[in-house]
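There are 2 protein chains.
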Amino acid sequence: MDIKRYLEQKRDEVDRFLESVIPGAATPPTTLHESMRYSLFAGGKRVRPILAIASAEAVGATSKAILPVASSLELIHTYSLVHDDLPAMDNDDYRRGKPTNHKVYGDAMAILAGDALLTLAFELCSRSDLMDGLDPARQVQIVRELAYGSGNLGMVGGQVLDIQAENKDIDLATLQNIHKHKTGMLIRAAVRMGAITAGATSPQLDSLTKYAEDIGLAFQIADDVLNVTGTREELGKDANTDAKRGKKTYPTFYGVDGAKKMADECTQRAISRLSSFDAKADPLRELARYITSRKN
Amino acid sequence: MDIKRYLEQKRDEVDRFLESVIPGAATPPTTLHESMRYSLFAGGKRVRPILAIASAEAVGATSKAILPVASSLELIHTYSLVHDDLPAMDNDDYRRGKPTNHKVYGDAMAILAGDALLTLAFELCSRSDLMDGLDPARQVQIVRELAYGSGNLGMVGGQVLDIQAENKDIDLATLQNIHKHKTGMLIRAAVRMGAITAGATSPQLDSLTKYAEDIGLAFQIADDVLNVTGTREELGKDANTDAKRGKKTYPTFYGVDGAKKMADECTQRAISRLSSFDAKADPLRELARYITSRKN
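Quick mapping for you: the protein sequence lines, in order, are chains E and G. Quick note, the first sequence lines up with residues 6 to 301 if you use this note's numbering. Quick note, the second sequence lines up with residues 6 to 301 if you use this note's numbering.
Treat the hints with care, as some may be off.
Claimed, not checked - Listed below are the simulated SDA-like cross-link pairs for lysine to any residue, each with C-alpha atoms no more than 20 Å apart in a straight line: (1) Lys108/G to Arg237/E; (2) Lys173/G to Ala113/E; (3) Lys108/E to Thr32/G; (4) Lys108/G to Lys69/E; (5) Lys185/E to Asp95/G; (6) Lys173/E to Gln169/G; (7) Lys173/E to Ala113/G; (8) Lys185/G to Met94/E; (9) Lys103/E to Arg237/E; (10) Lys108/G to Gln169/E; (11) Lys252/E to Ala113/G; (12) Lys69/E to Ala142/G; (13) Lys185/E to Asp243/G; (14) Lys108/E to Pro92/G; (15) Lys173/E to Thr36/G; (16) Lys285/E to Thr36/E; (17) Lys173/E to Lys50/G; (18) Lys173/G to Thr36/E; (19) Lys108/G to Val64/E; (20) Lys173/G to Thr35/E; (21) Lys185/G to Pro33/E; (22) Lys185/E to Pro33/G; (23) Lys185/G to Thr36/E; (24) Lys108/G to Asp95/E; (25) Lys266/G to Gly241/G; (26) Lys173/G to Lys285/E; (27) Lys108/E to Ala113/G; (28) Lys173/E to Lys108/G; (29) Lys108/E to Ile168/G; (30) Lys185/G to Thr35/E; (31) Lys173/G to Gly111/E; (32) Lys108/G to Met94/E; (33) Lys108/E to Lys108/G; (34) Lys185/E to Thr32/G; (35) Lys108/G to Ala113/E; (36) Lys108/E to Asp95/G; (37) Lys252/G to Ala113/E; (38) Lys108/E to Met94/G; (39) Lys69/G to Ala142/E.
None of these hints come from the bench; they were simulated from the model. Note that the coordinates shown come from a computational prediction; the quantities given were computed from them, not determined experimentally.
Use the sequences and the hints to build the structure in full.
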């Protein structure tokens with residue numbers, strides 16, 4: 006299969022859907038909606054929504070409910086970037102090649118736009134009218150996965166650990182724990198939410214969860230490597246920022262080549278988790294490979 | 006009925022429930038959970054949860070599901086206070102008589118604790134194990150009410166309007182629009198969520214919604230009046246801050262006495278919305294009176 010074409014098609018589907026459900030920049034309060042849209046439509050690759058879609062496809066379902074479910078993950082991801090970039094947090098000026106949200110709209114609006122994107126993610130998952138007849142019990146389960154993956158024991162918890170580790174001499178176990186939460190838990194939620202939308206059996210959900218945990222780790226190692234090897238043009242943001250901040254990363258512990266090898270091993274392990282799935286899981290297999298080979 | 010005793014009993018019930026479901030300060034990441042608990046257990050009156058509980062009682066149900074549903078509103082309310090107090094927003098140093106969250110834990114942790122409280126609100130509403138057999142379709146509806154009331158077209162939208170109005174010569178319609186969103190929409194959600202949990206009929210839900218809109222306005226007018234007439238000791242935060250910031254409020258337009266009269270009229274109107282309810286709605290009736298007579 007042509008993974009590049011698949012990624013483009015699904016990204017466009019997610020973008021069209023988001024465009025249709027996010028209030029226009031003319032809806033009051035206009036600045037809030039403008040600010041939300043600025044970061045949401047800044048050219049993200051929609052990796053998490055596409056993982057949810059591919060996971061649903063692997064299970065075999067074709068419900069329209071997958072679009073709101075998948076898109077909610079991008080709202081969470083975007084809010085986390087807007088808040089992470091704030092001066093009180095990472096203090097980043099550029100993101101995806103554009104000035105960060107607070108550089109354009111100010112800190113107060115960036116905080117509120119993040120809060121609104123976060124909240125809208127849950128609104129999207131609770132819209133019965135968009136769920137194509139999905140069993141409400143399953144819908145509740147999806148909301149819970151999203152909250153668990155993105156909250157105090159998931160992504161936000163990981164961000165706390167990350168901030169606390171800056172300029173500290175952390176060990177490998179701590180680094181792994183940060184990544185598991187900061188990046189891994191939302192990727193895990195994405196894959197599980199897709200699977201639950203499609204009515205996965207319990208063994209299917211278990212296999213897909215393990216797949217998600219493996220690619221989550223691969224994703225973060227690859228991110229760490231890109232931070233060292235990528236250029237500002239490729240990344241759309243400043244390069245080599247981790248080293249400048251004294252942050253420990255996988256390349257710090259294993260070198261760039263060692264880290265690349267680890268990411269490849271995670272990818273192979275992820276693919277092996279899908280052995281009981283047929284060709285409908287090929288997008289998931291290709292996504293695992295894409296995650297370690299991407300350039301941004 | 007003894008409304009003071011009712012308020013104390015329900016507040017304690019909500020507090021005990023929150024205590025049982027919010028991770029302890031020893032659960033990693035410990036600083037995050039400490040910070041969340043610091044603001045959550047700072048002595049709030051739990052007005053929104055109690056409104057949800059009283060609304061469910063008015064309809065006549067006694068499901069245990071009301072506690073997680075009601076408590077989720079306090080998580081949303083608390084997160085909004087933590088974020089509103091930030092230097093980038095209102096820059097307040099005191100709240101409920103104690104230093105604000107960011108004064109104790111720093112801006113980054115306050116942002117993240119807010120994000121985590123917000124997310125946990127939705128996790129609480131999506132916990133099937135706490136719902137005492139509540140119909141999942143109704144549970145989905147509850148999640149949606151919470152998201153709608155607190156998001157871009159609700160509370161967050163109101164906060165945006167409020168910030169944009171600072172030091173501007175706004176008219177009464179703008180002031181009303183700010184209050185309707187910033188305070189009113191979450192109070193409306195509280196009453197509706199309680200009613201939906203209890204299985205309200207459509208006419209019951211309509212009446213309770215109108216009641217909620219009336220007390221929401223009364224609540225905000227009373228808040229504006231207290232800002233002028235209250236002392237720092239009574240309020241647990243600086244007094245007369247609105248005037249110092251050049252903020253237009255109901256007393257600006259109507260004077261303190263005129264505003265008090267308006268609040269009383271809203272209270273009477275709210276109570277009249279409950280004419281089709283029996284004595285089980287007495288707590289709602291007393292709550293309407295309490296809202297304009299409170300001292301903080």
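How the hints compare with the structure:
| no. | hint | result |
| --- | --- | --- |
| 1 | Lys108/G to Arg237/E | 36 Å, violated |
| 2 | Lys173/G to Ala113/E | 17 Å, holds |
| 3 | Lys108/E to Thr32/G | 35 Å, violated |
| 4 | Lys108/G to Lys69/E | 46 Å, violated |
| 5 | Lys185/E to Asp95/G | 35 Å, violated |
| 6 | Lys173/E to Gln169/G | 40 Å, violated |
| 7 | Lys173/E to Ala113/G | 17 Å, holds |
| 8 | Lys185/G to Met94/E | 32 Å, violated |
| 9 | Lys103/E to Arg237/E | 12 Å, holds |
| 10 | Lys108/G to Gln169/E | 17 Å, holds |
| 11 | Lys252/E to Ala113/G | 17 Å, holds |
| 12 | Lys69/E to Ala142/G | 18 Å, holds |
| 13 | Lys185/E to Asp243/G | 42 Å, violated |
| 14 | Lys108/E to Pro92/G | 16 Å, holds |
| 15 | Lys173/E to Thr36/G | 16 Å, holds |
| 16 | Lys285/E to Thr36/E | 43 Å, violated |
| 17 | Lys173/E to Lys50/G | 40 Å, violated |
| 18 | Lys173/G to Thr36/E | 16 Å, holds |
| 19 | Lys108/G to Val64/E | 49 Å, violated |
| 20 | Lys173/G to Thr35/E | 17 Å, holds |
| 21 | Lys185/G to Pro33/E | 14 Å, holds |
| 22 | Lys185/E to Pro33/G | 14 Å, holds |
| 23 | Lys185/G to Thr36/E | 18 Å, holds |
| 24 | Lys108/G to Asp95/E | 19 Å, holds |
| 25 | Lys266/G to Gly241/G | 25 Å, violated |
| 26 | Lys173/G to Lys285/E | 58 Å, violated |
| 27 | Lys108/E to Ala113/G | 17 Å, holds |
| 28 | Lys173/E to Lys108/G | 23 Å, violated |
| 29 | Lys108/E to Ile168/G | 17 Å, holds |
| 30 | Lys185/G to Thr35/E | 17 Å, holds |
| 31 | Lys173/G to Gly111/E | 18 Å, holds |
| 32 | Lys108/G to Met94/E | 15 Å, holds |
| 33 | Lys108/E to Lys108/G | 24 Å, violated |
| 34 | Lys185/E to Thr32/G | 17 Å, holds |
| 35 | Lys108/G to Ala113/E | 17 Å, holds |
| 36 | Lys108/E to Asp95/G | 19 Å, holds |
| 37 | Lys252/G to Ala113/E | 17 Å, holds |
| 38 | Lys108/E to Met94/G | 15 Å, holds |
| 39 | Lys69/G to Ala142/E | 18 Å, holds |
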